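Given next are the chains, with one letter for each unit.
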Amino acid sequence: MKAKHQRLTLALLAVAAVIGAALLALSALKDQAAFFYAPGDVKKGEMPLGRAVRLGGMVEAGSIAKLPDGVSIRFVVTDGIAKVPVAFKGIVPDLFREKSGVVAEGSFNADGSFTATNLLAKHDEKYMPPEIAGKMHETKSLEQ
Amino acid sequence: MIAEAGLAALWFAAALAALQLALAAVGVRRSMFSGAAKTGADDVALTSQILSAVRPVAVVQGLLAGLSLLLLIIAFVRSDMSVLLVATNSHSDKPLIYKIAGAWGNHEGSMLLWVTILGLAGGAVAILEHRLQRATLIATLGAQAMIALGFYAFLLFSSNPFARLNPAPVDGNGLNPLLQDPGLAFHPPTLYIGYVGISVAFSFAVGALVTRDVGPAFARAMRPWVLGAWIFLTLGITAGSYWAYYELGWGGWWFWDPVENASLMPWLAATALLHSVTVLATRDGLRAWTVMLAVVAFSMSMIGTFLVRSGILTSVHAFAVDPKRGAFILVLLALYIGGALLLFAARVGTVRQGNTFEPVSREGALVANNLMLSVILGIVLIGTLYPIVAAGMGVQLSVGPPFFDKTAGPIALILVAIMGAGPLLRWRRDEANVVLGRMLVPVAATGITFAACAVLGRGIGILPLLGLSLAVGAGAASVAPLWKRNLRRTPLFTWGMVIAHLGIAVSLFGMASDSAFTKQTLVAARIGEPQRVGPFTVTLDHIRPVIGPNWSALEATLTVRRGDGAAFTLRPQSRFFASPPTVTSESAIATKIDGQLYTVLGQEDEQGRWQLRLWWKPFVTLIWLGGALIALGGLLSLLGRVRRERRVATREDEA
Chain A
1 MKAKHQRLTL
11 ALLAVAAVIG
21 AALLALSALK
31 DQAAFFYAPG
41 DVKKGEMPLG
51 RAVRLGGMVE
61 AGSIAKLPDG
71 VSIRFVVTDG
81 IAKVPVAFKG
91 IVPDLFREKS
101 GVVAEGSFNA
111 DGSFTATNLL
121 AKHDEKYMPP
131 EIAGKMHETK
141 SLEQ
Chain B
1 MIAEAGLAAL
11 WFAAALAALQ
21 LALAAVGVRR
31 SMFSGAAKTG
41 ADDVALTSQI
51 LSAVRPVAVV
61 QGLLAGLSLL
71 LLIIAFVRSD
81 MSVLLVATNS
91 HSDKPLIYKI
101 AGAWGNHEGS
111 MLLWVTILGL
121 AGGAVAILEH
131 RLQRATLIAT
141 LGAQAMIALG
151 FYAFLLFSSN
161 PFARLNPAPV
171 DGNGLNPLLQ
181 DPGLAFHPPT
191 LYIGYVGISV
201 AFSFAVGALV
211 TRDVGPAFAR
221 AMRPWVLGAW
231 IFLTLGITAG
241 SYWAYYELGW
251 GGWWFWDPVE
261 NASLMPWLAA
271 TALLHSVTVL
281 ATRDGLRAWT
291 VMLAVVAFSM
301 SMIGTFLVRS
311 GILTSVHAFA
321 VDPKRGAFIL
331 VLLALYIGGA
341 LLLFAARVGT
351 VRQGNTFEPV
361 SREGALVANN
371 LMLSVILGIV
381 LIGTLYPIVA
391 AGMGVQLSVG
401 PPFFDKTAGP
411 IALILVAIMG
421 AGPLLRWRRD
431 EANVVLGRML
441 VPVAATGITF
451 AACAVLGRGI
461 GILPLLGLSL
471 AVGAGAASVA
481 PLWKRNLRRT
491 PLFTWGMVIA
501 HLGIAVSLFG
511 MASDSAFTKQ
521 TLVAARIGEP
531 QRVGPFTVTL
541 DHIRPVIGPN
551 WSALEATLTV
561 RRGDGAAFTL
571 RPQSRFFASP
581 PTVTSESAIA
591 TKIDGQLYTV
601 LGQEDEQGRW
611 QLRLWWKPFV
621 TLIWLGGALI
631 ALGGLLSLLG
641 RVRRERRVAT
651 REDEA
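As given, the protein sequences belong to chains A and B, one line each in that order.
Using my numbering, read the first sequence as starting at 1 and increasing by one per residue.
Using my numbering, read the second sequence as starting at 1 and increasing by one per residue.
Don't read these hints as lab results, they were simulated from the structure.
On a predicted model such as this, the values are computed, not experimentally measured, just so you know.
A hint or two may mislead.
Derived SDA-like pairs: lysine to any residue, alpha-carbon spacing no greater than 20 Å straight-line [said to hold, decoys possible]:
{"hint": "1", "chain 1": "A", "residue 1": "Lys-30", "chain 2": "B", "residue 2": "Leu-397"}
{"hint": "2", "chain 1": "B", "residue 1": "Lys-406", "chain 2": "A", "residue 2": "Gly-106"}
{"hint": "3", "chain 1": "A", "residue 1": "Lys-30", "chain 2": "B", "residue 2": "Pro-410"}
{"hint": "4", "chain 1": "A", "residue 1": "Lys-30", "chain 2": "B", "residue 2": "Met-393"}
{"hint": "5", "chain 1": "A", "residue 1": "Lys-66", "chain 2": "B", "residue 2": "Arg-609"}
{"hint": "6", "chain 1": "A", "residue 1": "Lys-89", "chain 2": "B", "residue 2": "Arg-609"}
{"hint": "7", "chain 1": "A", "residue 1": "Lys-66", "chain 2": "B", "residue 2": "Met-393"}
{"hint": "8", "chain 1": "A", "residue 1": "Lys-66", "chain 2": "B", "residue 2": "Glu-604"}
{"hint": "9", "chain 1": "B", "residue 1": "Lys-406", "chain 2": "A", "residue 2": "Lys-89"}
Ranges between beta-carbon positions, derived for each pair [to be verified]:
{"hint": "10", "chain 1": "B", "residue 1": "Val-170", "chain 2": "A", "residue 2": "Pro-48", "range": "30 to 38 Å"}
{"hint": "11", "chain 1": "B", "residue 1": "Asp-541", "chain 2": "A", "residue 2": "Arg-74", "range": "30 to 38 Å"}
{"hint": "12", "chain 1": "B", "residue 1": "Ile-74", "chain 2": "A", "residue 2": "Arg-74", "range": "46 to 54 Å"}
{"hint": "13", "chain 1": "B", "residue 1": "Ser-82", "chain 2": "A", "residue 2": "Lys-30", "range": "49 to 57 Å"}
Every residue gets a Cβ at the ideal spot worked out from N, C-alpha and C, and that includes glycine.
Next up, chain A with everything else stripped away, as it sits in the complex (with noise of 0.2 Å):
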């Protein structure tokens, strides 16, 4: 192979290898990113049923019921315009507790309840999830 060819060749590859990895994670990120819901987005009936979709707001006062089983938990994510019923199975994060912010990832079911397969609270009296900070942000903004 001439020098000048080889290099050429090279060259292409390179440019093949960047643009199929593009189009590759494109295409992917359009069935895998897990879109961010608000309880008052839910109320709108826009809900992807079986996502994987995370849901955040502020876990209602008094709505934690503990399963007889031990492990699964119940409660009420509520953003001050909607609220969604929350199951989840496993143990709860150390700073998960109610008037809290949490961000549980999971998927809906059709009847609007929200299944969580993990739960993410916020991690100190001085910290919030931006998601969850710019989420309460723009529903007050609503509000107004």
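Chain A is already provided as a structure; the job is to place chain B on it using the hints.
Only chain B this time, still in chain A's reference frame:
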């Protein structure tokens, strides 16, 4: 006084970096403009004069940065609460090791650590590098100074670690308990040495581009730095993964968290660079390619720093959320990456074509390896940045394991297959059918494992199944280069390659085994009631309070028995830290020859039952053992190369 001295040292270091850059610019200009026309004795004398001036400047700059970091550590050790950074991040009750490590367990301190390592690395280049052309070395040190200047400016203008607090509080806020772990003492410095090592490799590339000196000599000067950086990145990622595994209590070892990706991306780029620099050093091929990879690797380590340090991400790693700082780093990032790409575009025409090769050859396999690594890198980069870009457009989303597993996973398996085949190929050209003969054993091993696992292990996913079988095949292929060789006369760097490749296979086996065979039990356990997980019976004996240096905890005592074997005890805890008030769960892990039993204690319910999460993870330890083997392989390679270089250098001196 200590804080002021630290700040002064930082200012002096920054001034010296500016001087270093100016000297280098003068030196390179002079040798470029006159050097091409007449290589007179004057120019040689001038460049050597400038070089002898730049060298000590680089060394002293590094030492001053080091002094500054040392003074910050002293402020932390003395719990000097009049220093803002100490008051916000430390507490006088903390054990000494966390006072020291706490110096970089925050935004300002970790940036100071970054720039210190950069300065010291520049000093090391100035002292150790003697074989490179003078002008190229001067340009390299100039590039180092330029990178350092940006970070000095960042520290001095927007992240002063030595700012005072008046009046001083009685005591500090303490350190995030998740960070109060021996991991903090080693994880950030290791990763930073990796990042910085890559920036040194990049400086060499800039030096070579500026002085039009891209060739084997430049590759040989750059290689130890790439290898060194790569070893540290490997260690940092491996240690970080194990730290997350036992500290978070989620039983996972990799979460595709943006911060993890920030360390993985430079590693992928460095791995590609490591392989192409070898082609350049030994075969004088892939010249422009190697320089481009150095630019990419550096960009990735800058993006990594940006992602972690700008506060754009929320995790344990994102200490500060300050838009001004984020903007500052973003500008630095744009200047460095944009500048590097511009320089590359402007000078790539002057890089002459190296030696060519046939598609079926060692070089061909290395190009394929580079391409696959680039594809994975592209996928990880897009997956990591996509949520940030989407957030900029007002859409909130997250990209998690399902995305990365489905996209990067299969490509990584192809990459492992290429890795197995590569070392069995000859340089320059090889015959396809002869190669297939050499690969008979590994291919057969892959096929047999695949068949066995498919028949015996029902319900295993396709990726873990392919992972297990490819791991066995790649393991066999990686030791094949030693076949029929005199092991005592095999060069050290060949051993390095074999061990590093074997490490990849071992690690892959651990990953695949973990996702294929893990057993999990989640229960609310009564005292004395036995629970089963995998081959183990776990009994909760009692829960007792225990007191640590700056925490109190509830500790479960679990008696574990495997079949009829001897019983042993595990003690997972739920810890309470007073400053700042936080609860963490400390998992208890039993390591067996064939895997790990992982136990986490949850909360108590109204009936007096305790939540327990138990995992049996067969061969999960191989993941990190493989990581250690990869780093060991890198180290042997580095020693082998340095030794050979030295021997060649002595021979040249004698001749």
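Evaluated hints:
For the hint pairing A/Lys-30 with B/Leu-397, the CA-to-CA distance comes to about 11 Å; that is within 20 Å, so the pair holds. Distance hint between B/Lys-406 and A/Gly-106 is fulfilled; the C-alpha atoms sit about 18 Å from each other, no more than 20 Å. Pair hint A/Lys-30 plus B/Pro-410 holds up; C-alpha atoms about 18 Å apart against a cutoff of 20 Å. Taken as a hint, the A/Lys-30 and B/Met-393 pair is honoured in the structure, with Cα atoms around 16 Å apart against an allowance of 20 Å.
Distance restraint check for A/Lys-66 and B/Arg-609: the Cα-Cα separation of roughly 12 Å lies within the 20 Å cut-off, and the hinted pair is therefore satisfied. Between the alpha carbons of A/Lys-89 and B/Arg-609 the distance comes to roughly 16 Å, so the proposed pair stays at or under 20 Å and holds. Taking the CA atoms of A/Lys-66 and B/Met-393, the gap is about 39 Å. The hint is violated against a cut of 20 Å. At roughly 11 Å between alpha-carbon atoms, A/Lys-66 and B/Glu-604 fall within 20 Å of each other, so this suggested pair holds.
Of the supplied pair hints, the one linking B/Lys-406 and A/Lys-89 is violated, its CA atoms being roughly 26 Å apart against a limit of 20 Å. Range check, B/Val-170 to A/Pro-48: about 53 Å between beta-carbon atoms, so the 30 to 38 Å window is missed. Under the hint 30 to 38 Å, the C-beta atoms of B/Asp-541 and A/Arg-74, about 31 Å apart, fit the expected range. For B/Ile-74 and A/Arg-74, the Cβ-Cβ distance of about 53 Å falls inside the hinted range of 46 to 54 Å, so the restraint holds.
Take B/Ser-82 and A/Lys-30: their Cβ atoms lie about 54 Å apart, and the range 49 to 57 Å holds.
The earlier numbered hints that this structure contradicts are 7, 9 and 10.
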